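J.: Here is what each chain is made of, one letter per residue.
Protein chains: 4
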Amino acid sequence: MIIVMKPQAAAESIKAVTEYIEHNGLNTHLSQGTEVTIIGIVGDKSRLSTENLVSFKDVDRIVPVTESYKLANRKFHPEPSSVKVGNISIGPGSLNIMAGPCAVESKGQLMEIAHAVKAAGATILRGGAYKPRTSPYSFQGLEEEGLRYMQEAGEETGLATICEVVSREAIEAAVKYVDMIQIGARNMQNFILLKEAGRSGLPVLLKRGLSATVEEWLNAAEYIIAEGNPNVILCERGIRTFETATRNTLDLSAVPVLKEKTHLPVIVDPSHATGVYRYVAPLAKAAVACGADGLMIEVHNDPAHALSDGPQSLTFEKFGRLTEELAPYARLAARSFQGSEE
Amino acid sequence: MIIVMKPQAAAESIKAVTEYIEHNGLNTHLSQGTEVTIIGIVGDKSRLSTENLVSFKDVDRIVPVTESYKLANRKFHPEPSSVKVGNISIGPGSLNIMAGPCAVESKGQLMEIAHAVKAAGATILRGGAYKPRTSPYSFQGLEEEGLRYMQEAGEETGLATICEVVSREAIEAAVKYVDMIQIGARNMQNFILLKEAGRSGLPVLLKRGLSATVEEWLNAAEYIIAEGNPNVILCERGIRTFETATRNTLDLSAVPVLKEKTHLPVIVDPSHATGVYRYVAPLAKAAVACGADGLMIEVHNDPAHALSDGPQSLTFEKFGRLTEELAPYARLAARSFQGSEE
Amino acid sequence: MIIVMKPQAAAESIKAVTEYIEHNGLNTHLSQGTEVTIIGIVGDKSRLSTENLVSFKDVDRIVPVTESYKLANRKFHPEPSSVKVGNISIGPGSLNIMAGPCAVESKGQLMEIAHAVKAAGATILRGGAYKPRTSPYSFQGLEEEGLRYMQEAGEETGLATICEVVSREAIEAAVKYVDMIQIGARNMQNFILLKEAGRSGLPVLLKRGLSATVEEWLNAAEYIIAEGNPNVILCERGIRTFETATRNTLDLSAVPVLKEKTHLPVIVDPSHATGVYRYVAPLAKAAVACGADGLMIEVHNDPAHALSDGPQSLTFEKFGRLTEELAPYARLAARSFQGSEE
Amino acid sequence: MIIVMKPQAAAESIKAVTEYIEHNGLNTHLSQGTEVTIIGIVGDKSRLSTENLVSFKDVDRIVPVTESYKLANRKFHPEPSSVKVGNISIGPGSLNIMAGPCAVESKGQLMEIAHAVKAAGATILRGGAYKPRTSPYSFQGLEEEGLRYMQEAGEETGLATICEVVSREAIEAAVKYVDMIQIGARNMQNFILLKEAGRSGLPVLLKRGLSATVEEWLNAAEYIIAEGNPNVILCERGIRTFETATRNTLDLSAVPVLKEKTHLPVIVDPSHATGVYRYVAPLAKAAVACGADGLMIEVHNDPAHALSDGPQSLTFEKFGRLTEELAPYARLAARSFQGSEE
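Protein chains in written order, with my numbering: chain A, 1 to 342; chain B, 1 to 342; chain C, 1 to 342; chain D, 1 to 342.
Just so you know, these hints were derived from the structure itself, not from any lab. Keep in mind it's a predicted model, so treat the numbers as computed, not measured. Be careful, since some hints might not be right.
Since copy identity is lost for identical chains, a pair holds within one copy or between any two.
Dumping the calculated PhoX-like pairs for lysine-lysine here, alpha-carbon to alpha-carbon at most 25 Å [to be verified]:
1. Lys261 x Lys57
2. Lys318 x Lys6
3. Lys84 x Lys70
4. Lys195 x Lys57
5. Lys70 x Lys15
6. Lys75 x Lys15
Excised from the complex, chain A in its bound form:
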């Protein structure tokens, strides 16, 4: 951490800052420029609440030089991680697709979709049983009944399963039925839920918050890992910007940024990001081309009658065509892909 003093900072002001730091058991290092003086802090910064130094006289600003996340940080874990979900391994060398409906609506619907996405090359079945909806009057999910259907669909097809959780109760239920849990964008900084996900024992898919920086996102992952659960996968799903042509703005540059900053696997969800099924295929290819370890894609047997997010869902036919088209992109990225082997 560096403290930049104001021009013409008084000698006593500089002394007050250095004394405060040293009083907390850290060392300082002064750098006298022509215009400003800079004070470097040497040692374990967790010992002091350095942000308060801004309140000291003649302090201009504080510049952090190291990241606050450690366990998720590639600097300290240079090798990319793989995360096991059921029999599947998500990470370097493979491309995994999580596909299924936004919301589980009925057993019959889910079975039909599960068979279809399995046939097309998906390895993980997604389906929402607990739906966080903007309006309290929208359909909120089948809850535990939906989880049961997910388990049955997983067993029948051999697909691994993932469900979003929104509360401790949902986690406690999910542990009984599915292979992986998802923390949604709106809960990315629900730190209580992150800690409980960390204690669940299940791998966790952590979606990016609508206005979360990469830095905040990795700190959220740190919450989960710090509870002893290293099995975290990050999912880029669009950020909120001024543009309204798509529901959110898919930030694909986050993929190479994350590959540099963290060892955790990264997947991309073009369905929620755009909210429009016609844009899903081109952006799915782009995601693989820029280094994603997988995709999450909404597929529905009858998008026009879906209870949630119909406009962004692919039909079985469109999803089948997409996985066919993705196969050569997986090969270019040196990733094995079930869709391409069939």
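We have chain A; now place chains B, C and D onto it with these hints.
T.: Below, chains B, C and D without anything else, positioned relative to chain A:
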């Protein structure tokens, strides 16, 4: 809701849409323009998932014409509401200031601050016992112990009290000790927590999410009210934008917008919005000038040594000067203000 | 400027950086931390393109510690400036309102509006003769004819006059007819136009770009001042965010931020920021309360039939009521205000 | 255009609106819902300033249903366009790379770079002679001298050439030396410059403004085409968001959105979007994968000593490796690519 068809939409496409709507028990109303055909839906839209209509052939887009929130909507409740917090009434005709430290650090600290803010004219003591922090390694709050200190400080000074809650456990504890609970920006769309806040029986201060539109914010309030708790106060605390000169961008235009769209009281938190104590006083005055029913302001006995958010906290002296300066602004807004009576 | 090296940066990497800097005639200052090494640069940085240092091996990032604008910087000009426009002085101690139609439509219309805003206390007449419009098919302004009407209206009423300019031709014409020119938001980084405004000899109102940071805005002001024209006034008019309840998001915190960073006067335009006439009055009061030196407000004789921006224009009656209500806010801010003297 | 009235709108209010519209020679179409009345406008809307209707009593809002751009609109020009630049054709079936330095620094530098990018498969040489820089104290370009070097480099290598223009003078000079002109992000709504580019006779690369919506961008293209110049190519180069890990946020979803809304070719500039050379290659592949017709990439002989934008420039070696890697992506997209033929 209006459905705008594409130019040259086929007659069968228009027929498919109208039949689907009418099949769901609603009526349609066709408007044939020179370029496009528009289909109006007449009746109770909650009967169909109209957003899926986007997936129908030749549909260009869906335009909602009514808001999804009803209980929070001023159209259906034209009179502005007042919310009682302890003996205090927040709403038209009065200006209330919630003041105190970001985090409760110790009993002595809290008592000292409580007496100081009371003397300067605050009516409600704020103090965080459960702190949602970006990094898991930052100070997370004193939890129930902190709530107990809040209660004692409230009893000793006669101030009403408010604490942020982050989980059901925190709500269950808060109910025993404080007069009002706060849902923070990062939990604004934690719908489980909103429902539990709705069932708590306590008035709820609902902070705006960092990237929440006014529409989403009012839908979040609807979650609380729909549980039978009409005592919701909205708190504007800055939104996330590209500007970095302030921590967030305080959206004061939200105040007159909310006054038009909802009957709920609105307060403003310039401390969190800016993150810089020097900007708190001018923006507090601006908030009152544009119609806010109250303010939330961070005050600390020793900002340079605060465990959280020191840079944005006012000293006792600065807070006292601010309430003095606010008094004539309260008078101009025809609001009684305790600070001005002393 | 500070160069933060990566953890475990090789000694040769550090040497390469310091040699490059010293080769350019500057001095370096090393600070060896436990995790990272930091290199401070001492001397006149304009001698080297330091941003390229990012490309050097083992360099993590470059942190600027001084602002690039000097002439607009309050650090070097601690006293707030006043700018003369005709007989009017804009700056500390007075509150000036620029009012008038978005677009000059006819001589009769302009005269009528000029008399009305003068009577209500405005000191400067605004009116667009060159309109930058999103679509090429929208009304683009009366051009030089409009400027002539502005001059006549100014002479008849004694109001000073301001017009937006969009090209060198417009500046050359404006110099003949009006007292002040305006650079609009969409041209804030049209550096050619900024330089020509700087050479025009007229005071310049510089509106903030839709996505300009305060830092970029002050650098744009620097372009004008660097041409020898110190008479620059800044105008906050809303920034682009995700919120759609208002056309843009009025960033009132920019007012105290600017008061700290620059000596230039600052005014606020709530009409363009919100795009809704009902929000103009509360935000105009808020602007004065947080320190603005003036306001720019759209007033129209017949908003429902205006050729541009009707929805945000005030009628004469509403503008009159607003200036009456503003008078006590001006007094609280220790500013003389013509509106209050009548 | 649709006018949505407020609930309980008075019959006279509805009558006032319809009479105003019909008075302007248009027809109306009423749709009476259970809660609100909607008025559709039938006919040529350019006849009335419908936005002012918002000021009419009981009007809730105006919803446009058709786009304001016509010449750039794919609805009216369903076939994708190709644009000729020198001997090159940009559009369906080919992938073109524009490569070169951010700023032309000297003849020797430009020649060296031109030969290198030509050898690696670029078809167009880019190089800035007029540099719009945030600070007036940064290097502003070699101007006409730089254009002359561009011409010589084009003649020697057979590459087509493109230069940014910032003023009419720059356009008048560019016409003499280069094959294509570029309007930069900061000038995207400099409507005077757009019109002059439209009259220049040269093909125009129109970069997206930092905070421009797709809709505004296409309206800016419309300005150029409306002057009789249909040879416009759009260039996505990142938008401004809250994220700071990259300089801007590359909006790749804009590529499929544009492919749907316009017939104009679309290219992507990952160098300016990210500001970091390490992210250029993955995002270049992603751009091709999602449908871009070309790329603009910064290449420099010595990035560490570049006078502008060094950190984002590729070395010759990195650029050569990138074009090799891009070849199979071009094949998958069914595009011929010079880089792949060598």
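J.: If a hint holds in the structure, say so; if it does not, say that too.
T.: Structure-based check of each hint:
{"no.": "1", "hint": "Lys261 x Lys57", "in the structure": "between (35 Å within a copy, 17 Å between copies)"}
{"no.": "2", "hint": "Lys318 x Lys6", "in the structure": "between (60 Å within a copy, 22 Å between copies)"}
{"no.": "3", "hint": "Lys84 x Lys70", "in the structure": "within (22 Å within a copy, 45 Å between copies)"}
{"no.": "4", "hint": "Lys195 x Lys57", "in the structure": "neither (38 Å within a copy, 38 Å between copies)"}
{"no.": "5", "hint": "Lys70 x Lys15", "in the structure": "neither (32 Å within a copy, 28 Å between copies)"}
{"no.": "6", "hint": "Lys75 x Lys15", "in the structure": "between (34 Å within a copy, 22 Å between copies)"}
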